[in-house]
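> Single-letter residue listing:
2 protein chains.
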Amino acid sequence: MADEVLFEFLHMEIVSYVQRSAKKDEKENIASKLESMGFRVGQRMIERFTRETPRFSTELDIIKFVCKDFWSGAFKKQVDNLRTNHQGVYVLQDNKFKLLVPMSAGKQYLEAAPRYLAFTCGLIRGALSNLGMNCVVTAEVSTMPACKFQIMIQRS
Amino acid sequence: MADEVLFEFLHMEIVSYVQRSAKKDEKENIASKLESMGFRVGQRMIERFTRETPRFSTELDIIKFVCKDFWSGAFKKQVDNLRTNHQGVYVLQDNKFKLLVPMSAGKQYLEAAPRYLAFTCGLIRGALSNLGMNCVVTAEVSTMPACKFQIMIQRS
Numbered sequence: 001m002a003d004e005v006l007f008e009f010l011h012m013e014i015v016s017y018v019q020r021s022a023k024k025d026e027k028e029n030i031a032s033k034l035e036s037m038g039f040r041v042g043q044r045m046i047e048r049f050t051r052e053t054p055r056f057s058t059e060l061d062i063i064k065f066v067c068k069d070f071w072s073g074a075f076k077k078q079v080d081n082l083r084t085n086h087q088g089v090y091v092l093q094d095n096k097f098k099l100l101v102p103m104s105a106g107k108q109y110l111e112a113a114p115r116y117l118a119f120t121c122g123l124i125r126g127a128l129s130n131l132g133m134n135c136v137v138t139a140e141v142s143t144m145p146a147c148k149f150q151i152m153i154q155r156s
Numbered sequence: 001m002a003d004e005v006l007f008e009f010l011h012m013e014i015v016s017y018v019q020r021s022a023k024k025d026e027k028e029n030i031a032s033k034l035e036s037m038g039f040r041v042g043q044r045m046i047e048r049f050t051r052e053t054p055r056f057s058t059e060l061d062i063i064k065f066v067c068k069d070f071w072s073g074a075f076k077k078q079v080d081n082l083r084t085n086h087q088g089v090y091v092l093q094d095n096k097f098k099l100l101v102p103m104s105a106g107k108q109y110l111e112a113a114p115r116y117l118a119f120t121c122g123l124i125r126g127a128l129s130n131l132g133m134n135c136v137v138t139a140e141v142s143t144m145p146a147c148k149f150q151i152m153i154q155r156s
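Same order as they appear, the protein sequences are chains E and U. Numbering-wise, the working numbering puts 83 at position 83 of the first sequence, and it's gapless, one number per residue. Numbering-wise, the working numbering puts 35 at position 35 of the second sequence, and it's gapless, one number per residue.
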């Protein structure tokens, strides 16, 4: 549990550092900066994770790998629910998302939640990108600490 | 190992983000910004770590706790060597410091090493500060990935 704490606390610091260091005219870019960091981390992580994994045969296999192995590695639990429309949209639901847990008492921080999800959106996008899937990842929170990540595959 | 990787990669991203976002006139502040982040993370971490620990009786007990429990929690190994002059100076040596390992092939990154140690200097300072010890923490690298952290207790 200790190492998890280190990551969690460092993540909080980064969110606040990026907020503080952003110039006035780039307040909207905070999420995008955090997303980029997540993207690069996701790319490197998935390389480690798939080093000894056989090649995936379908898109769904890749998404399942992210839901199970990758999520467990990053957040010490699997995604709770995966849904898809079988047309390139996948929704990953985590009922107790680790990075939201510390701020999920009451509704007062609901507004701040998106900033705490941007890194993870990037993390997913980076991981999938390295496996050859270009996508857009967005997050949605209704009741903290539950949240949903929506992956939309971009066909080229 | 997976979660460690997440922390390590996030740490790398932060070092590079702080470098990029620093204005020209504050290049020297990069280490100090990273140190401050580490300080705040260290403060929060030590609270978790000592929640069920009996009160420490001596300064040396606190330092030993940092070398063993705290270091294991953060870096998955203990400090390899602890030395002290018994006058408020402690030197913690880690022969394979995790945040230096990825860049320790050859000497080419030796110059960049201090930036990868600043966060950890702050981490130690924050942890000790929360246990009532004010100190200055500096780091020194001779042969990567080994490094030494020097703690100088500030008596008031």
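Treat the hints as calculated values from the structure; they're not laboratory data. Think of the CB as a built atom: it goes at the ideal place given N, C-alpha and C, for glycine as much as any other residue. Possibly wrong hints are sitting among the right ones.
As the list claims (entries may be wrong) - Once the Cα atoms are required to be at most 30 Å apart in a straight line, the calculated DSS-like pairs of lysine-lysine come out as:
#, chain 1, residue 1, chain 2, residue 2
1, E, Lys98, U, Lys98
2, E, Lys107, E, Lys77
3, U, Lys68, E, Lys77
4, E, Lys77, U, Lys77
5, E, Lys98, U, Lys107
6, U, Lys68, U, Lys23
To be verified - Just so you have them, the derived chain U footprint on chain E, three or more residues with Cβ under 8 Å:
#, segment
7, 9-18
8, 35-45
What the hints assert, rightly or not - Not the full set, but computed from the structure, chain U residues with beta-carbon under 8 Å of chain E:
#, residue
9, Val15
10, Met45
11, Arg48
12, Glu52
13, Ala74
> So, for every hint listed, does it hold in this structure?
Comparing the hints with the structure gives:
1. Simply put, Lys98 of chain E and Lys98 of chain U have alpha-carbon atoms about 24 Å apart, close enough for the 30 Å limit, and the pair holds.
2. Restraint check for Lys107 of chain E and Lys77 of chain E: the C-alpha separation of about 24 Å stays at or below 30 Å, so the hint holds.
3. Taking the CA atoms of Lys68 of chain U and Lys77 of chain E, the gap is near 27 Å; set against the 30 Å cutoff, the hint holds.
4. With a C-alpha separation of about 24 Å, the suggested pair Lys77 of chain E and Lys77 of chain U falls inside the 30 Å cut-off, and the hint holds.
5. Between Lys98 of chain E and Lys107 of chain U the CA atoms are separated by roughly 38 Å; this puts the pair beyond 30 Å, and the hint is violated.
6. Between Lys68 of chain U and Lys23 of chain U the alpha-carbon distance is near 38 Å, which puts this suggested pair outside the 30 Å criterion.
7. For the segment 9-18 of chain E, the assignment as covered by chain U holds, since 7 residues bring a beta-carbon within under 8 Å of that chain's beta-carbons and 3 suffice.
8. Coverage of a stretch by a chain is defined here by at least three residues with a beta carbon nearer than 8 Å to that chain's beta carbons; for the segment 35-45 of chain E and chain U the count is 5, and the condition holds.
9. Restraint check, Val15 of chain U versus chain E: the minimum CB separation of about 11 Å is more than 8 Å; hint violated.
10. A hinted interface residue such as Met45 of chain U counts as satisfied when its beta carbon comes closer than 8 Å to some beta carbon of chain E; here the least separation is about 6 Å, so the hint holds.
11. Taking 8 Å as the C-beta cut-off, the interface hint given for Arg48 of chain U holds, the closest approach to chain E being about 6 Å.
12. Proximity of Glu52 of chain U to chain E is violated relative to the hint, the smallest CB-CB distance being about 12 Å (cut-off 8 Å).
13. Taking 8 Å as the C-beta contact cut-off toward chain E, the hint placing Ala74 of chain U at the interface holds, the least distance being around 5 Å.
Of the numbered hints stated above, those contradicted by the structure are hints 5, 6, 9 and 12, listed in ascending order.
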